[in-house]
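Turn these sequences into a full structure, and let the hints guide you.
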Amino acid sequence: MRRIVFFLLLLPILLSSCSRNWISIERNEQLLNQDREIKKIICIDPRFYFEEDELNFDLEKNQKITQTVRKNILKSSKSNNFDLSIFDFKENTTTNFYNDLLTLKKQMVSVNFNQATPLNFNKQTTVGEIEKKIFVYPPKISFDFVKLSEEYGTPYFSYMGIYAQKRKLILYHLVIDTDNSETVYREFKVVNSRVSKITIAQMIYDSYAMLKSEFK
Amino acid sequence: MKFYVLFLILVSPLLGLTQFEHSYYPLAPNEEIPKEFIENPLIEEKLLMAKNTLLTNEEAQTFYSKSIFLKYQLFQSGQIYLPNKLNNYIDSLKNVLLKSQPELNSKIRLYITRFTEPNAFCLPDGSIFINIGLLDKINNDSELAFILAHEIGHYAEKHSIKDFHRLSQIESQESFKNNDRSAFRSLIFSRDSEFDADSWAIFLLQQTGFDPNLAINALEVLKEGKSYSNSEYKSQIENDFFKIDTSLINSPNLKQYERNSDKVKNIKIATGEIEDIFRSHPDIGKRIEALKEIILSMDESNVVLSANGDALRSTKTTAEFEIVENQLRNQDYLNAFLKASSLASEYPHNIYLIEAMSKSLYWISHYKEINDLSFFEGSSIEDSVYIEFYALVNEMSLRDAKKMVYAFNKSNLEKTDNPLESILFYYAISTENYLGKNAAKQHYQTYIQKFPEGNYINLVKNKIE
Chain A
6 MRRIVFFLLL
16 LPILLSSCSR
26 NWISIERNEQ
36 LLNQDREIKK
46 IICIDPRFYF
56 EEDELNFDLE
66 KNQKITQTVR
76 KNILKSSKSN
86 NFDLSIFDFK
96 ENTTTNFYND
106 LLTLKKQMVS
116 VNFNQATPLN
126 FNKQTTVGEI
136 EKKIFVYPPK
146 ISFDFVKLSE
156 EYGTPYFSYM
166 GIYAQKRKLI
176 LYHLVIDTDN
186 SETVYREFKV
196 VNSRVSKITI
206 AQMIYDSYAM
216 LKSEFK
Chain B
740 MKFYVLFLIL
750 VSPLLGLTQF
760 EHSYYPLAPN
770 EEIPKEFIEN
780 PLIEEKLLMA
790 KNTLLTNEEA
800 QTFYSKSIFL
810 KYQLFQSGQI
820 YLPNKLNNYI
830 DSLKNVLLKS
840 QPELNSKIRL
850 YITRFTEPNA
860 FCLPDGSIFI
870 NIGLLDKINN
880 DSELAFILAH
890 EIGHYAEKHS
900 IKDFHRLSQI
910 ESQESFKNND
920 RSAFRSLIFS
930 RDSEFDADSW
940 AIFLLQQTGF
950 DPNLAINALE
960 VLKEGKSYSN
970 SEYKSQIEND
980 FFKIDTSLIN
990 SPNLKQYERN
1000 SDKVKNIKIA
1010 TGEIEDIFRS
1020 HPDIGKRIEA
1030 LKEIILSMDE
1040 SNVVLSANGD
1050 ALRSTKTTAE
1060 FEIVENQLRN
1070 QDYLNAFLKA
1080 SSLASEYPHN
1090 IYLIEAMSKS
1100 LYWISHYKEI
1110 NDLSFFEGSS
1120 IEDSVYIEFY
1130 ALVNEMSLRD
1140 AKKMVYAFNK
1150 SNLEKTDNPL
1160 ESILFYYAIS
1170 TENYLGKNAA
1180 KQHYQTYIQK
1190 FPEGNYINLV
1200 KNKIE
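Here the protein sequences come in this chain order: A and B.
6 is the number of the first residue of the first sequence in the numbering used here; add one for each residue after it.
740 is the number of the first residue of the second sequence in the numbering used here; add one for each residue after it.
By construction, these hints were calculated from the structure, which means they are not laboratory data.
There could be a bad hint or two in this list.
[To be verified] EDC-like, lysine to aspartate or glutamate: derived pairs with alpha carbons at most 20 Å apart:
| # | chain 1 | residue 1 | chain 2 | residue 2 |
| --- | --- | --- | --- | --- |
| 1 | B | K1200 | A | E34 |
| 2 | B | K1176 | B | D1139 |
| 3 | B | K1176 | A | E34 |
[Unchecked claim] Here are the computed distance ranges between Cβ atoms for each label pair:
| # | chain 1 | residue 1 | chain 2 | residue 2 | range |
| --- | --- | --- | --- | --- | --- |
| 4 | B | E959 | A | S218 | 56 to 62 Å |
| 5 | B | E797 | A | K202 | 23 to 29 Å |
| 6 | B | F934 | A | D63 | 55 to 61 Å |
| 7 | B | N844 | A | I203 | 35 to 41 Å |
| 8 | B | A922 | A | D63 | 21 to 27 Å |
Quick reminder that beta carbons are idealized off the backbone N, C-alpha and C, glycines included.
Take a look at the structure:
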């Protein structure tokens, strides 16, 4: 009886926290094709930005959590059988990284905002939902990056960023196929929670699990 | 031998510019990434806080955290050029300006950004960022020297630190915080600092042999922003296969676009219709007035004429090409096409420009296809030629837009028996858009035969499959 009462008390709390979060996942039609399965990914310079409020900006905290994000990306991708390498300022200070990959990162982020055609982007996403869609017009990057797949051994390049406010975490995950110059996966997730290592780890793990599940 | 040396001396400045005749290779130096780009920001934060004498510990923590974070965001965004030949030119100007102030000179570091707006800005640690868009607009050394001196003035006078301290002190006396009040206060402080930095710069210019009168031109450059002097783009698009339907850019249409554009806002700012109270910088007209007053009160100085003329010309032309490159990188395709076609009137055989125009037109038609041309409406609309071109693209049908891209690439292909890789690629892809996959197939196959190791080979193979 005690257990039931405890469960009934806990249930509304659990449900209320669920209902405030939402995920939007958009995919490219090509992900339905087994031949184009994503195995190896180059993750470019993942970022974390936490701003408690305008006057309280903690550089040290930002630096620490960025490292947590980095570790979790490596761990979660491995758990989901992706061969993922991170290219960022921590380990890669080559001019190729600076001139090519950072340009690609900027472009993949900006085209996904710029080419937000109403056919793809549903601004009326309601809270507490998981939305899954196939792109009508996949956001396209320029053709200048086609050659990169030979250099890095894969056409799949990704970017993951987390923006945090006091009680809200927003995750943005993009995967681009440079051979076709198209976005193949775009995830936008809002979780109403305080910044904690556990929440961040869960968000990142879920994201790679979602990406993997697209092939099942 | 003497004749040969004399010939080289006379011709060398011209050689610098002939490099732009046939092609252009965007600046992507293979130099090492500078140390300061990858240093741990926390160490720098601690160093700056240790040197701080003006701010309280709490203020310093907030102030330096944010400004250092901003600097590292910039360094690690890929939007700052790695050291290249343009840096040599601006560094040489800085060294002339601060010749008699070596300590200050050692603290100032100059960086060139890929931003195409004509502007420059300074961070509290002495890092000064100069936009590539500014290097395109300057006409002589004194103009750029004034803008550099202005930014150095902000650092030397510690404007941002003093303003932050003043703001924090005032706010600590208030019983509750109000963001609007804080914002207006910081705008007032910022406007005052601009006048201070202007006068600081004009005196430095006079002391170091630059022409203070040209400072006024520098401010005019900032006021003008982007502008295209004429409609060269029409001659690039029009050919035997595609004619511009001028009824699409008739005056009622243009008026509609002008009404929607930011130009109206810019005119309001220029004519003072927008109140000073909402500005971070004072009206440029007022700054020019103030500068004229200061110059009148100054003694006549020994103005040294530009000794850097060739370096300036080469810098300016490189900057013009780099603007096209950065507009392409930022998907600012309308501006990229207009800028490239304006440069192409000077360098008609430049392959880089033809490729840039081809890319821009392809992507403009793509944005039209996904019904998202509004992306180009943003703050770029400042100029009558831009509005006219935007109106033309907006009013023409999608079919005509595809025809325009196809016709442009076809005419480029017909000009040569041995087409370059990019010209063939864009011809094939625009054929697919306009005439369909089957018509494009043979062009893709030609590409594979001619360029089996080409830059676009993976994409072309996917297209055929």
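Evaluation of the provided hints:
{"no.": "1", "hint": "K1200(B) x E34(A)", "result": "holds (18 Å)"}
{"no.": "2", "hint": "K1176(B) x D1139(B)", "result": "holds (18 Å)"}
{"no.": "3", "hint": "K1176(B) x E34(A)", "result": "holds (19 Å)"}
{"no.": "4", "hint": "E959(B) x S218(A): 56 to 62 Å", "result": "holds (59 Å)"}
{"no.": "5", "hint": "E797(B) x K202(A): 23 to 29 Å", "result": "holds (27 Å)"}
{"no.": "6", "hint": "F934(B) x D63(A): 55 to 61 Å", "result": "violated (35 Å)"}
{"no.": "7", "hint": "N844(B) x I203(A): 35 to 41 Å", "result": "violated (50 Å)"}
{"no.": "8", "hint": "A922(B) x D63(A): 21 to 27 Å", "result": "holds (23 Å)"}
Checked against the numbered hints above, the structure breaks hints 6 and 7 and satisfies the rest.
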